[in-house]
Amino acid sequence: MTQQNAPKNRPRPFPRLNHYTDTQPFWDATKEHRLLIQYCRETGRPQWFPRSASLATGRRDLEWREVSGRGTVYSFTIARKPWPGHEDRVPYICALVELEEGVRMLANLVRVEPGDVRIGAPVRVAWETLSDGDSTVEYPVFEPV
Amino acid sequence: MATRKDIAIVGYGETPTVLRSGRSSYDLAAEALEAVLRHTGVDKNVIDGVCFAETMSETANPFWGVYLCEQLGLEPSWMQVNGLGGASTIGGVARAAAAIRDGLCETVLVLSADAQSSWPPTEQGAQRFEFQYPVGLNGPPGVFGLITQRYRHQYDLRDEALAKLAVTQRRHALMNPNGTEKLRKPLTEDQYLASPYVSEPLRTLDSVMVCDGANAMLVTSTENARRLGLRRWVHPIGYGEAVNHKGTDPLADITESGFTVAAPKAFRQAELTPGDIASVHLYDDFLIALILTLEQTGFCDVGEGSKFVMETDLSYRGTLPLNTSGGQISAGQPGLAGGGVNAVEALRQLFGEAGERQIADVRNAMVTGIGMIPYGKNWGVSNVLILEQP
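Protein chains in written order, with the working numbering: chain E, 188 to 332; chain S, -18 to 371.
Pulled out of the complex, with its shape left as it was, chain E reads as follows (with noise of 0.2 Å):
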């Protein structure tokens, strides 16, 4: 798709690893082009963004699995006006994913175009280099099955 994009002013947001809340066994899977989540270790519970504690118990008790990667588009949004440092990405789709073990993650949803979506459509996770100039990290995105 041709279009003209607003100049960039900032590069794409990196990833802050490890920010609020210890996140590094995720991203070593995705490494590996792994997808985990995090479960409450006494309710079996999965849970999305990562927490420092079980949104079922307030304990600490949890563990991080791997998924499967499949899941289902649960509601989507085509960002026409991008947020800063993605200027030359629009139009892009951002998408709350519903993966088949019970969490929703917002996600990039590639190789579709925008007027393709559809809720509810089937989807699996892939994987986008990131890159901030020293080091990479490998992002999860979702593209159609």
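Zero decoy hints are in this set.
BS3-like mimics (lysine-lysine), calculated; alpha carbons at most 27 Å apart, straight line: (1) 145/S x 268/E; (2) 268/E x 163/S; (3) 25/S x -14/S; (4) 288/S x 246/S; (5) 268/E x 166/S.
Okay, the calculated bits of chain E under chain S, using three or more residues with CB under 8 Å as the criterion: (6) 206 to 212; (7) 235 to 245; (8) 267 to 278; (9) 284 to 290.
Derived by calculation from the structure, the hints in this document are not laboratory data. Using N, Cα and C, we set each Cβ at its ideal position, and we do this for glycine too.
Got chain E; can you put chain S on it based on the hints?
For chain S alone, kept in the frame of chain E given last:
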């Protein structure tokens, strides 16, 4: 007491809402304080409690409330700062009432001031750096884009209903001298529909314009209002609040807000039902929020909001007047003081001081607040305040 009429809101004040005023929250707060003192005629020294809204412009200062007392010459025996976003103002009225009932103070200044359009943006941190900013979701329009898309999937969302809301509120704003200049021009349904998408399906004209401004109200016991020689007031007779509604359910319906909990509580306390309410002053950061609020506070069934809007005259002369000063969407959002815009308008109407946009039935009014836009779910705070004549 059958209804809660022991607490009175005895006056209100408001600054004009201005885009990029270049002023500070302190300067705007001083103007709102002066306005409420003029309106009530009481001396500043009767104020012995303060309940301030947290801001976008001064939030880096953890002592904002005490600084504001210092700036305004207030020496209260009770202070609270509310970080409920657009729910802080009416949440402040409820907290003021509780503090007065508990004897912590007698007369509370509930004040909200913000200069969000003139000061640098603040950072909310937490998971955003790791799991939101790299994705590029465009802040509040992005989240409301997700909510709108899901609502449209589950229910009947009609563009004509959103257009009617936009036009009704803009007509009201044209009669509001305090509304932001930038928006004081007529709007048609077609202009709304042609408005460009920000985060599709959300349009530019679905959204508020962030401005600067301040508002204030004075809350005391009804007994003390009489002692002060005041003659006019309005009673806050019902209140309900919900924070992080269904936040522990990872698969909660993102179209369902805390109003489903807060509204029944407020109505129970007020001993009223939605059918008894004469006018509604609903927090409007986005037009879709009005549809969700009307449904989830009980004015129509869930999913029936578009139909209700199309079948109801929501103008100031109609059967259910809505946001008669233009709301935030057409009069501007003074940052986190925005929760006071429609609250002050409800008081203005109940005091019979709304001029050419005065509504006829001023028995009571419902005011709502919305605060904080979270990751992948409905908004963070919902609250409902019901006001009634003595």
